[in-house]
Each structure stands twice: as C-alpha cells, then as structure tokens.
Amino acid sequence: MTREITNEDILLLVYGELNPEDKQKVELAIAQNPELKQYLLSVQQSKQLLNTISEEPHPTSVAIIQEFSHDSHTEAV
Amino acid sequence: MQKQFISDGALLKVYLEGNESALETLIKRHKSRIFTSIYLLVNDRYIAEDIFQETFIKIIHCLKSGKYRDEDKFLPWALRIARNMAIDSIRQRNRMPSIVTDSEGNDIFSYLDVREVSKEQTMIEKEDTSSLHGFINKLPAEQKEVLILRHYADLSFKEIAELTGHNINTCIGRMHYALINLRKMMQKSLVPLK
Chain A
0 MTREITNEDI
10 LLLVYGELNP
20 EDKQKVELAI
30 AQNPELKQYL
40 LSVQQSKQLL
50 NTISEEPHPT
60 SVAIIQEFSH
70 DSHTEAV
Chain B
0 MQKQFISDGA
10 LLKVYLEGNE
20 SALETLIKRH
30 KSRIFTSIYL
40 LVNDRYIAED
50 IFQETFIKII
60 HCLKSGKYRD
70 EDKFLPWALR
80 IARNMAIDSI
90 RQRNRMPSIV
100 TDSEGNDIFS
110 YLDVREVSKE
120 QTMIEKEDTS
130 SLHGFINKLP
140 AEQKEVLILR
150 HYADLSFKEI
160 AELTGHNINT
170 CIGRMHYALI
180 NLRKMMQKSL
190 VPLK
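Residue numbers (numbering that gives the first Met the number 0), protein chains in the order written: chain A, 0 to 76; chain B, 0 to 193.
These are computed hints drawn from the structure, not numbers from a lab. All C-beta atoms, glycine included, are put in the ideal place defined by N, C-alpha and C. Some hints here could point you the wrong way.
[Stated by the list, open to error] Where chain B lies over chain A, by a calculated footprint (3+ residues, C-beta under 8 Å):
| no. | stretch |
| --- | --- |
| 1 | 7-13 |
| 2 | 45-57 |
[Claimed, not checked] Below, a sample of chain B positions facing chain A; criterion: calculated Cβ distance under 8 Å:
| no. | residue |
| --- | --- |
| 3 | Phe51 |
| 4 | Gln52 |
| 5 | Leu131 |
| 6 | Arg149 |
| 7 | Phe156 |
| 8 | Met174 |
| 9 | Arg182 |
Using the sequences and the hints, build the whole thing.
Here's what the structure looks like:
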C-alpha cells in the first residue's frame with residue numbers, strides 16, 4: 000500500500016480485512032491525521048450501534064428444518 | 000478441558016455420513032447471522048421465518064444430492080441462497096396488487112374488519128422508523144444490502160463483491176455511504192451518539 004490512506008482503508012481496518020503490513024500503515028496514518036482518527040471513531044461507534052440488532056429464528060423454524068433433514072435421511076436409507 | 004472447534008467442512012462431512020447432530024451444530028453456529036440478514040432484507044418476521052426454513056431445506060437438498068462441494072465456504076454459500084430467496088420474495092411482494100378483488104370485483108378486504116390491524120400496524124411503523132432497524136430500511140437498497148451482508152452476515156467485501164456481481168471498491172464505497180447516511184438519520188432524530 001503506497002497510496003494515500005482513505006476512509007475506505009479505515010473501513011477495511013475496522014472490519015478486520017487488512018493484512019498485518021497494511022494494518023500497520025493504516026494505523027500509522029491514523030495516528031498522524033486527526034480527520035482519519037475522527038472517521039475511525041465514528042465507524043467504531045456505528046459498528047457498536049449496529050451490534051445492538053441481532054435476531055434469532057423461532058425455535059419452530061429450526062425444528063422444522065431438523066425434522067425435514069431427519070425425514071429425508073430416513074427416506075434415503 | 001478446552002472444547003475443540005470443528006470446522007463447517009468437517010461438520011458437513013459428518014452430516015452426510017448420517018450424523019444429524021452435525022446439522023444442529025451448523026444451524027446453531029450460523030442461525031443468527033443468516034436470520035438477521037434475511038429479516039433485515041425482507042423487513043417482515045413471518046416472511047423471514049419462511050425464507051430461513053426454505054434456505055436450509057434447499058441446503059439439505061443440495062448437500063444430499065452431492066451438488067455442494069466447497070465445504071470451507073458454507074456460510075457465504077448459505078447466505079447466497081438466503082439472499083436470492085429474500086430478493087425473490089421482495090419482487091413477489093412488489094408485484095402483488097394493492098387491492099385484491101373477488102370474482103365480482105369487490106375489494107375482499109372490505110369483508111374483513113381490519114381497523115384494529117391497521118391501528119397496530121401504524122404503531123409498529125411509527126416505532127420502526129424511529130429505530131435503528133427503521134433507519135437501515137430507509138437506506139438506498141444497494142447500500143442496505145452491503146451493510147447487511149458485511150455487518151450482519153459477516154461476509155468480507157471480496158465475498159460481497161462476488162455475491163452481488165459488483166466491484167469490491169463499489170461495495171466498500173456503498174458501506175461507507177451507508178454508515179454516513181445512518182449517522183445522519185440518527186443525528187436528525189436525536190438518537191444519542193457519543
């Protein structure tokens with residue numbers, strides 16, 4: 000990574016998609032640039048907020064799937 | 000004693016050998032990511048439950064007929080199926096006429112007392128638009144999809160690019176704008192942000 004560090008690189012950093020070498024470069028750029036640091040903070044906050052949504056399927060849905068699997072296995076045998 | 004992690008690929012192999020509990024482990028491991036993604040895409044819990052079931056039934060069919068071979072990429076594959084089903088469902092709903100008539104051309108909803116449902120629905124909608132879920136729904140479709148696939152489905156931007164057929168930089172850009180737009184909506188509605 001020889002180009003200028005952008006907000007998109009910070010997104011990749013926050014979502015853990017940079018290799019160790021690029022991660023180090025982006026972290027260094029953030030330490031030297033208040034705007035990048037501000038963007039990093041805002042993405043981290045948004046990520047935390049998004050984490051508050053987590054939905055689970057109803058247990059009946061899971062039971063239907065397991066029953067289907069069991070039945071199709073029995074049929075195959 | 001530390002519990003040993005069994006990879007998705009190993010679980011699929013054991014499942015195909017007849018071990019039903021391997022499927023249970025797979026569902027338990029991925030159900031939240033898959034269901035949350037479906038639910039946010041279709042924005043209806045009942046439809047999401049149906050799609051979740053249909054997704055796994057299709058997965059089971061494919062596995063048992065030997066159509067699936069890439070054991071290490073179970074989640075992206077499962078999400079691809081779920082996403083396609085969610086998109087089909089949204090298209091179907093959009094094609095549905097807003098007024099359903101009987102054979103004599105009368106609006107069939109006129110036979111039903113829908114006043115209470117409408118009142119409840121209005122309350123849900125009111126609540127929804129002031130919540131984070133409501134804000135996500137207000138995002139442009141392409142931004143909403145990338146946000147759901149990256150954040151809730153936990154796919155990498157590369158996997159999202161492959162799944163949606165868009166350039167990886169386009170996907171990263173859409174995520175960037177999705178987060179900016181969400182922040183703007185939250186600030187506008189005074190949802191506290193640090």
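So, going through the hints one by one against the coordinates:
no.: 1; hint: 7-13; in the structure: holds (count 3)
no.: 2; hint: 45-57; in the structure: holds (count 11)
no.: 3; hint: Phe51; in the structure: holds, 5 Å
no.: 4; hint: Gln52; in the structure: holds, 5 Å
no.: 5; hint: Leu131; in the structure: holds, 6 Å
no.: 6; hint: Arg149; in the structure: holds, 6 Å
no.: 7; hint: Phe156; in the structure: holds, 6 Å
no.: 8; hint: Met174; in the structure: holds, 6 Å
no.: 9; hint: Arg182; in the structure: holds, 6 Å
Of the hints listed earlier, there is not a single one the structure fails to meet.
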